[in-house]
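K.L.:
Turn these sequences into a full structure, and let the hints steer you where they fit.
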Amino acid sequence: CVYPVIGNKEYGWSFIGAEIDTTAIESANNIIDSNPHLKGQIEIRLQHQPNDIFFGIIHKDEFIDLSICNPPFHASLAEAQSGTLRKLNNLNTEKVTDPVLNFGGQNTELWCKGGEEKFVRDMIRQSRLFSDTCLWFSTLVSKQSHLKSIYEALETAEAVEIRTIPMGQGNKSSRVVAWTFLTKEQQQEWVNIRWSEAPISTME
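Numbering follows my numbering, with no gaps: position 187 of the sequence shown is 187.
Simulated from the structure, these hints should not be mistaken for laboratory data.
All of these numbers come straight from a predicted model, not from anything done at the bench.
A couple of the hints might just be wrong.
Claimed, not checked - Distance condition first, Cα-Cα at most 20 Å in a straight line; then the derived DMTMM-like pairs of lysine to aspartate or glutamate:
| hint | residue 1 | residue 2 |
| --- | --- | --- |
| 1 | 39 | 10 |
| 2 | 148 | 161 |
| 3 | 118 | 152 |
| 4 | 60 | 43 |
| 5 | 143 | 117 |
| 6 | 184 | 155 |
P.N.:
See below:
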């Protein structure tokens with residue numbers, strides 16, 4: 001619920017949040033209920049099919065201006081545990097041998113089969129089916145080595161425009177990859193119709 005809260009406060013955007021974990025949904029809804037200004041601005045939807053990213057979340061005749069994603073980074077639970085242990089040892093002077101799994105996220109947020117690369121490639125493939133109902137798709141990509149495979153998936157999906165936005169936090173570097181299936185003319189038509197009538201709608 002972090003991105004929607006920030007996006008609504010800073011830009012006045014409304015959000016649809018997608019989640020496969022019922023505990024995470026309950027926590028997000030508690031945040032919304034505790035902040036009256038968020039009601040009607042953020043809606044959290046349960047994804048019943050973990051392999052689907054957009055199906056079951058974007059409803060028929062619903063239009064989304066921007067889809068944003070922070071994909072699972074690790075490819076397995078063991079890899080996630082190893083990464084957590086490494087982070088904890090970097091933060092502590094005493095060596096940690098028993099990793100705390102939930103380091104900045106639920107297990108489902110930290111890993112999935114195939115990891116970041118497969119998740120993003122699946123996302124790109126599925127996004128093609130929503131090419132007319134979402135203006136821009138975007139995702140964080142943590143590993144630079146995944147970019148070649150991701151660009152190939154975007155070419156296969158016939159994305160019309162692709163943008164890569166570099167990001168840096170301290171010693172860590174990452175980037176956001178964004179794509180659209182709409183031409184410049186179609187993008188302008190979208191803006192003329194959508195943004196003159198309502199605030200931006202975003203899916204996270």
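K.L.:
It remains to establish, for every hint, whether it holds in the given structure.
P.N.:
Quick rundown of the hints versus the structure:
For the hint pairing residue 39 with residue 10, the CA-to-CA distance comes to about 16 Å; that is within 20 Å, so the pair holds. Distance restraint check for residue 148 and residue 161: the Cα-Cα separation of roughly 16 Å lies within the 20 Å cut-off, and the hinted pair is therefore satisfied. Of the supplied pair hints, the one linking residue 118 and residue 152 holds, its CA atoms being roughly 12 Å apart against a limit of 20 Å. With a CA separation close to 16 Å, the supplied pair residue 60 and residue 43 stays within the 20 Å bound.
Proposed proximity of residue 143 and residue 117 is supported: the alpha carbons are some 9 Å apart, at most 20 Å. Restraint check for residue 184 and residue 155: satisfied, since their Cα atoms lie roughly 18 Å apart, inside the 20 Å limit.
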